[in-house]
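Here the protein sequences line up with chains A and B, keeping their order. Going by the numbering used here, the residue at position 53 of the first sequence is 53; the numbering climbs one at a time, nothing skipped. Heads up, the numbering used here is the position in the second sequence plus 1000, with the first residue counted as 1.
Simulated from the structure, these hints should not be mistaken for lab results. Check before you lean on any hint, since a few could be wrong.
[Stated by the list, open to error] Lysine-lysine pairs mimicking BS3-like chemistry, simulated, CA-CA at most 25 Å apart:
#: 1; chain 1: A; residue 1: Lys22; chain 2: A; residue 2: Lys36
#: 2; chain 1: A; residue 1: Lys2; chain 2: A; residue 2: Lys22
#: 3; chain 1: A; residue 1: Lys22; chain 2: B; residue 2: Lys1155
#: 4; chain 1: A; residue 1: Lys6; chain 2: B; residue 2: Lys1171
#: 5; chain 1: B; residue 1: Lys1079; chain 2: A; residue 2: Lys22
#: 6; chain 1: A; residue 1: Lys6; chain 2: B; residue 2: Lys1155
[Said to hold, decoys possible] Which residues of chain B face chain A? A partial, calculated answer using Cβ under 10 Å:
#: 7; residue: Ala1030
#: 8; residue: Val1035
#: 9; residue: Phe1087
#: 10; residue: Leu1088
#: 11; residue: Gln1106
#: 12; residue: Leu1107
#: 13; residue: Tyr1132
#: 14; residue: Tyr1133
#: 15; residue: Tyr1134
#: 16; residue: Arg1136
#: 17; residue: Tyr1154
#: 18; residue: Lys1155
#: 19; residue: Arg1162
#: 20; residue: Leu1164
From the three backbone atoms N, C-alpha and C, an ideal C-beta is built for every residue, glycine too.
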Amino acid sequence: MKLPRKEFDRLVSGVCDGTADKAQLRQLSDLLRSDKDARDQYLISVDLHAILASDPTLFAEVRPPEPIVREAIVSRLDAMRRRSFPIRTPSTVALTVCVVAIVAVVLVLRFSLHEAPRNGSGVIVRDNDRTSEERLPQPPVSQTDRKSPLTRRLAGGLQGPKRSRSLLPRRRDGAVSLATLPRRQTHFAMAGGSAVASLLPPYRRVVRESSGRPLLPVRRFKPGPQPYRHLPTRWEFDDSGARRRLKSAEIVQMLRKEQEQGKQPVQYSSSAARSTWLCTPSWEEEVRSKLTLEMQVFSWKRRQTHAM
Amino acid sequence: MTKGHKSISHEQFLRLFLGSERDIFRYAAAIVPNVQDAQDVVQETAVALWKKIDEYDSSQPFTPWACRFALLEARQFLKRNRRWRAFLDEALAEELAGRRSELSDQLNERRGHLAECLEALPNGQRRIVEGYYYRRTPVESLSNQTGRSVEAVYKALQRIRRALLECITRKMQPQKAEP
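Isolated chain B (complex conformation):
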């Protein structure tokens, strides 16, 4: 069993990993935006982290260390996947990852306003976004539930995301105006 060789136990590792999992997912999604593919990348990252956990310096924060692995795994994913490779080559992936790190404060600030903006959505839109993201209902089922076509549901999701982005931007503006 590998357990005995590691200086950090399963439980400690799991604690660290689960604490950072969402951040790692967000980081991976910058390069591989499709949720299921990003989940794959996060899984591979977890495996890589577990293998290298002995190299982790516990005096340093875990998330940035883990995100480096996520970047490597995302690049591996791009290499393996022809469709994604056509979209992002390594250079562009690297560029996006770097820029994302620069924007991380802004992204975290934006994340802080998201709950409010979600609550402000009209009921119909909220049901769609909850169904799609929270319940993971397939779009085809959402289409049946809402009486819209599949294309209309995708369109609605696009509009909802735009509305949320604009709402968050509006909420950030007054704060920036303050001294």
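With the rest of the complex left out, here is chain A:
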């Protein structure tokens, strides 16, 4: 390869992490064009990066301590089996047996005694990144909501709507993303977030096809609080479906404007997807249907996990 290894790594890392400037991009581009070996090395490096980013099973050790789903238990047991450690004395064997027995009893008790809360339903959720058990309370359903089939489908999956006046100030320290649909004169924000994006595509577009409306412009939300300057995505859609990124300042401005108009956001949270949504009342129904679809995907994945 024409370039020293360290320099090459720096360029590839810059591309993978999104830190490369224009000059570095151009330098790597020229190198890839002219050097076949560099092309191979680039593909190998980028593939490693892509696997790390897309295969959570590689990080089995950091899964939640109580493996709920059978697959997680099996993989953990396999990992334990693979890990060989020297056993020197019979007392070590006895100690190990005791520890394993205690862990097994704890797990069995957890499975058998953990009942769903009253007025709630138990849901075991497995997504691409984590395995977890969620106990979801039933959402409060008002008399008017009872008539809506959509609301009934939300049962067990969503909490809300819960009107919260404290959300906007609280979001000043981070954890908010926002997207707008000018044609509908409204927008919504998402606080927190999770790896829902990878599950959405087929369903999102089905929403669009069936309703004839633009799909919900939600994607790429990272979990955990994110300061404004690190918001992953701000999209604005125009009537033709073209989109542009919104600047953080624009988002803050829009939220303030909305607040001045007296439109308090409505909060929905989807425990299964570990996400919280804020939306203006005018877009409430849309967000609810979006979250319903999200729940359907999660339920589908749950069924698949149990079927394994």
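Given the coordinates of chain A, work out where chain B should sit on it, guided by the hints.
Then chain B, alone, in the frame of chain A:
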């Protein structure tokens, strides 16, 4: 509802797609390495696949068919994105995609050694790589957690990836030496 027009149901499609999603992502990342951009490409690919699912021949494997769509979507992405377009033009993207297909056996073999190499990482490095890739912790937070500067975290990630690549290469060598 579109459901009725398709010969493959949502559920079947989802099953196929989720089964291939990681491979499609890896394929897309060869052309668009930034994770979030690659996820965008995968999403667009899913949409395109759903639209064309009636053309899918179920006697053929799904992943290669889907990867063709991923390539098209990645090219579309490059066209739309000025920054990436400056990095990879269509010809180079095509060249990389072709070469990646040739290397796919080797890449899959390398992938088989990755778990072992990850386990062999020192604890500090492992925490960084888990935080960055698994927990998707922003680098700024990783920087606070580890007491390093942001640049140092990026540098550490670069070193970790290099260490993993070399570890995998070492693990592949003895196997190649065997008859």
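query: Does the structure keep Lys22 of chain A and Lys1155 of chain B at a Cα separation of 25 Å or less?
result: Roughly 19 Å separates the two Cα atoms, so the pair holds.
message: Is the interface hint satisfied for Arg1136 of chain B? The criterion is a beta-carbon contact with chain A at less than 10 Å.
response: holds (5 Å)
- prompt: For the hint on Tyr1134 of chain B, does the least C-beta distance to chain A fall short of 10 Å?
  reply: Holds, because the Cβ-Cβ distance from Tyr1134 of chain B to chain A comes to roughly 4 Å (cut-off 10 Å).
query: Can we keep the Tyr1133 of chain B interface hint, with Cβ of chain A closer than 10 Å?
result: holds (4 Å)
- prompt: Against chain A, with CB atoms and a cut of 10 Å, does the hint on Leu1088 of chain B hold up?
  reply: Interface hint status for Leu1088 of chain B: holds (7 Å vs cutoff 10 Å).
query: Quick one, are Lys22 of chain A and Lys36 of chain A close enough, alpha carbons at most 25 Å?
result: Given that 25 Å is the threshold and the Cα spacing comes to 22 Å, the pair holds.
field: Hinted pair Lys6 of chain A and Lys1155 of chain B, Cα distance within 25 Å
entry: holds (11 Å)
- prompt: Against chain A, with CB atoms and a cut of 10 Å, does the hint on Gln1106 of chain B hold up?
  reply: holds (8 Å)
- request: Could you check if Ala1030 of chain B really has its C-beta closer than 10 Å to a C-beta on chain A?
  value: holds (6 Å)
task: Classify the hint on Phe1087 of chain B as holds or violated, based on whether any CB of chain A lies nearer than 10 Å to its CB.
output: holds (4 Å)
query: Do the alpha carbons of Lys1079 of chain B and Lys22 of chain A lie within 25 Å of each other, as the hint requires?
result: Distance of about 17 Å is within 25 Å: holds.
- prompt: How about Leu1164 of chain B: closest beta carbon in chain A under 10 Å, or not?
  reply: Holds: closest Cβ of chain A sits about 6 Å from Leu1164 of chain B, inside 10 Å.
The structure fails none of the hints (numbered hints given earlier).
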